[in-house]
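K.L.:
The residues making up each chain are set out below.
Number of protein chains: 2
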Amino acid sequence: MSGTVVMKFGGTSVADAERLRRAATRIVAKREAGNRVVAVLSARGKTTDFLIAEAQEISPNPDPREMDMLLSTGERQSCALCAMAINDLGHRAISLTGSQAGIVTDTSHTKARILDVRADRIRQGLDEDAIVLVAGFQGVSTAKDVTTLGRGGSDTTAVALAAAIGADICEIYTDVAGVFSADPRIVPEARKLPVVSFEEMLEMSASGAGVLQLRSVEYARNHGVRIHCRSSFSDEPGTVVVGEEETVEQPLITAVTHSTEEARVTIKGVPDTPGIAGRIATALAVANVNIDMIIQNEPVSEGALADMSFTVPRSDLTDARAALAPLASELGLEIQTDEAMGKVSVIGAGMKSHPGVAAKVFTTLGAEGVNIEMISTSPIKISCVISGEAVPGAVRALHAAFALSGEGTIRAERPFGEFV
Amino acid sequence: MSGTVVMKFGGTSVADAERLRRAATRIVAKREAGNRVVAVLSARGKTTDFLIAEAQEISPNPDPREMDMLLSTGERQSCALCAMAINDLGHRAISLTGSQAGIVTDTSHTKARILDVRADRIRQGLDEDAIVLVAGFQGVSTAKDVTTLGRGGSDTTAVALAAAIGADICEIYTDVAGVFSADPRIVPEARKLPVVSFEEMLEMSASGAGVLQLRSVEYARNHGVRIHCRSSFSDEPGTVVVGEEETVEQPLITAVTHSTEEARVTIKGVPDTPGIAGRIATALAVANVNIDMIIQNEPVSEGALADMSFTVPRSDLTDARAALAPLASELGLEIQTDEAMGKVSVIGAGMKSHPGVAAKVFTTLGAEGVNIEMISTSPIKISCVISGEAVPGAVRALHAAFALSGEGTIRAERPFGEFV
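Top line first, the protein sequences correspond to chains A and B.
Note that the first sequence covers residues 48 to 467 in the numbering used here.
Note that the second sequence covers residues 48 to 467 in the numbering used here.
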């Protein structure tokens with residue numbers, strides 16, 4: 048069977064001449080199997096980092112519009128080089144910039160959002176039997192300026208193009224083999240998941256599993272794009288991300304994810320006055336600090352002082368401290384921080400109809416002697432903030448408790464070959 | 048006084064952070080003097096060579112369309128970085144790609160010609176008080192593909208933009224101080240020429256003086272764009288290139304130019320049959336070999352064999368030999384080559400009305416003991432092919448014979464300051 052396929056290759060998959068030729072060979076093989084092929088490429092290896100360093104050498108705070116003009120060149124170079132390699136393999140390939148590919152974005156430089164995909168030129172290339180290569184991570188704004196979509200934006204480019212041209216599948220090639228039931232470096236018996244739902248993938252992306260960029264999964268869910276995450280170094284099938292209605296069976300728990308990059312901020316002595324929490328949250332938002340979980344202790348009596356705790360990515364902690372300093376001195380707040388926090392999460396679409404999961408998570412962690420500092424839940428996820436050093440043991444205990452490596456939880460696999 | 052100025056900076060003028068900041072400072076100074084400023088930048092230092100090496104690592108014969116997509120990124124990076132530097136100096140700058148700047152070309156990838164300049168976006172930027180930076184060397188084809196104008200094409204970009212926006216002057220900043228009456232490395236007393244005519248500059252560009260790209264001078268002449276060649280490392284005025292009608296006085300000889308990069312090809316035993324010379328020239332043209340001078344010895348009797356000699360740039364000699372090999376074996380021709388040839392030329396608009404110049408050139412070279420191998424002339428130029436090792440002495444002798452360093456030949460200088 049044949050169809051239309053979007054293939055996305057990350058920076059490590061095109062980092063040197065040999066890898067770039069290997070990507071070209073995979074693209075050609077997909078074409079020779081009878082598919083119409085669009086490939087989205089990232090900048091080669093360290094190119095983006097190099098360009099950022101060049102900018103920082105010139106300006107301490109580079110203009111965002113110009114940063115986009117600068118950074119967008121890396122993906123264009125990858126695409127031009129890959130087109131050369133494909134042409135040498137006897138197929139016709141054309142490279143397109145994000146603008147030429149019709150990726151129209153808003154004007155938020157360095158973090159633009161896609162507004163529209165006018166894929167006429169891609170369709171025309173495919174109709175002329177060409178393989179179309181599109182520079183990832185970029186578009187053209189409604190003001191006709193070059194924009195970029197933020198780090199990892201090439202995933203979103205690929206998904207958006209797949210939606211626009213009605214591709215049968217969007218294949219994301221990375222240096223991992225797919226999505227696992229837990230990080231195999233911590234849980235050697237972790238299982239590669241043949242299928243996960245968008246909702247599960249969103250929770251996993253948000254809670255530490257870095258395979259796919261969160262926004263690309265949202266875009267895929269909203270536009271019904273089937274994603275296949277797979278290794279660029281092997282032909283093994285990876286993990287297909289599909290709508291929940293397509294999953295054959297919903298296991299209670301699909302995966303355990305974790306992060307050891309959390310920090311906790313505790314603000315002591317918060318006046319029990321309306322508006323204070325809002326001022327704290329606003330100060331952090333202005334500083335672009337992402338707050339994850341928040342807990343506020345009720346004051347014991349009216350007019351007493353409360354404590355407020357929240358977690359942030361550890362890399363945001365310095366910014367968070369700076370953002371809170373003026374409020375702290377104004378209101379006499381005491382700020383405490385703990386940099387060595389971690390988080391474990393269990394995720395599963397089947398959790399919705401099984402209320403006992405939380406109890407099992409807490410019991411399992413308790414039996415391991417792990418102290419739970421904060422908890423947050425969604426219909427398909429339970430996350431616990433714990434100390435960073437307790438994370439590996441907690442992940443292993445939860446993975447075992449929910450029997451995630453066992454055959455009992457395996458879903459009916461979809462036949463991967465048929466899509467492409 | 049103020050006006051509209053196009054400034055062009057070559058790759059060495061933006062090669063590192065310090066030089067790029069210096070270019071930004073010059074651009075800002077021009078703006079602060081009250082001018083509307085458009086600046087055209089080349090790729091930084093060795094960027095283009097690096098990109099070419101990347102392409103050659105991927106493909107022995109890279110697709111020209113993709114080569115253009117690849118190479119055009121270098122100038123975009125320069126412009127983005129320079130815009131950041133200018134913004135830090137408190138002025139607003141925007142960078143534009145060749146496409147955004149409205150440089151429309153034909154579809155001859157890697158050597159495209161400019162068909163039209165739709166400078167609306169540049170005008171809009173200037174009207175909004177911005178400094179507009181344009182990526183040199185590139186445009187967008189009528190097929191909406193990225194094109195490049197060939198090596199040195201940034202000069203042509205600058206001149207074309209100056210014509211399109213009606214700039215008062217197009218300033219070309221390079222690492223030399225201007226156009227000299229001879230190469231100062233050979234003739235230390237050579238004089239910087241304050242003014243030369245387009246016609247003289249064309250002959251000089253074609254005969255070895257590498258200050259300006261030939262095509263940019265043609266474009267400037269055809270569109271009446273005044274060019275000012277000057278040093279990016281000094282505030283001294285350089286050389287202004289203007290229409291002949293603007294030159295106050297026409298000295299007999301303006302400059303002596305030379306080249307030591309010539310090779311001679313002699314074809315012996317050419318049958319005196321119509322069409323043979325045409326086949327030879329066609330074979331060389333197909334191989335993209337530039338023929339300079341041609342001499343054919345008349346055969347002594349009808350049906351006898353003739354000799355044909357021509358000069359080519361030494362770098363084209365291998366291609367020339369390869370192109371002639373099939374003809375040589377078909378027709379039994381003998382090919383001789385001499386790689387160590389040079390050329391000296393005297394150039395001057397006043398020559399037109401003074402027929403004695405050729406005689407003086409030949410006499411001067413004869414007195415130096417220099418053997419003249421081939422001669423070609425135009426109304427304002429006499430070129431002699433001589434042995435490569437005789438070139439420095441010949442240049443010095445001609446420079447002295449025509450008294451080019453003497454005050455007697457100085458023209459009335461134009462007041463440079465007034466233009467900008």
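Among these hints, one or two may not hold up.
When chains are identical, the list treats them as one kind, so a pair holds in a single copy or across two.
The calculated SDA-like cross-link candidates involving lysine to any residue, where the alpha carbons are at most 20 angstroms apart (straight line), are [stated by the list, open to error]: (1) K77 <-> F409; (2) K191 <-> R165; (3) K158 <-> G379; (4) K239 <-> V223; (5) K239 <-> A370; (6) K407 <-> F97; (7) K191 <-> E386.
Just so you know, these hints were derived from the structure itself, not from any lab.
K.L.:
All hints are to be evaluated individually against the structure, with a verdict given for each.
P.N.:
Hints versus structure:
In this assembly of identical chains, the alpha carbons of K77 and F409 never lie at most 20 angstroms apart, being 47 angstroms within a copy and 69 angstroms across copies at closest. When the C-alpha separation of K191 and R165 is checked against a cutoff of 20 angstroms, the pair qualifies both within a copy, at 14 angstroms, and between copies, at 15 angstroms. In this assembly of identical chains, the alpha carbons of K158 and G379 never lie at most 20 angstroms apart, being 36 angstroms within a copy and 68 angstroms across copies at closest. When the C-alpha separation of K239 and V223 is checked against a cutoff of 20 angstroms, the pair qualifies only within one copy, where the shortest distance is 10 angstroms, while the shortest distance between copies is 64 angstroms.
In the homo-oligomer, the alpha carbons of K239 and A370 never lie at most 20 angstroms apart, since the shortest distance is 41 angstroms inside one protomer and 60 angstroms across protomers. Neither within a single protomer nor between protomers do K407 and F97 lie at most 20 angstroms apart by alpha-carbon distance, with minima of 47 angstroms and 59 angstroms respectively. Taking CA atoms no more than 20 angstroms apart as the test, K191 paired with E386 passes in neither setting, with 43 angstroms inside one copy and 52 angstroms between copies.
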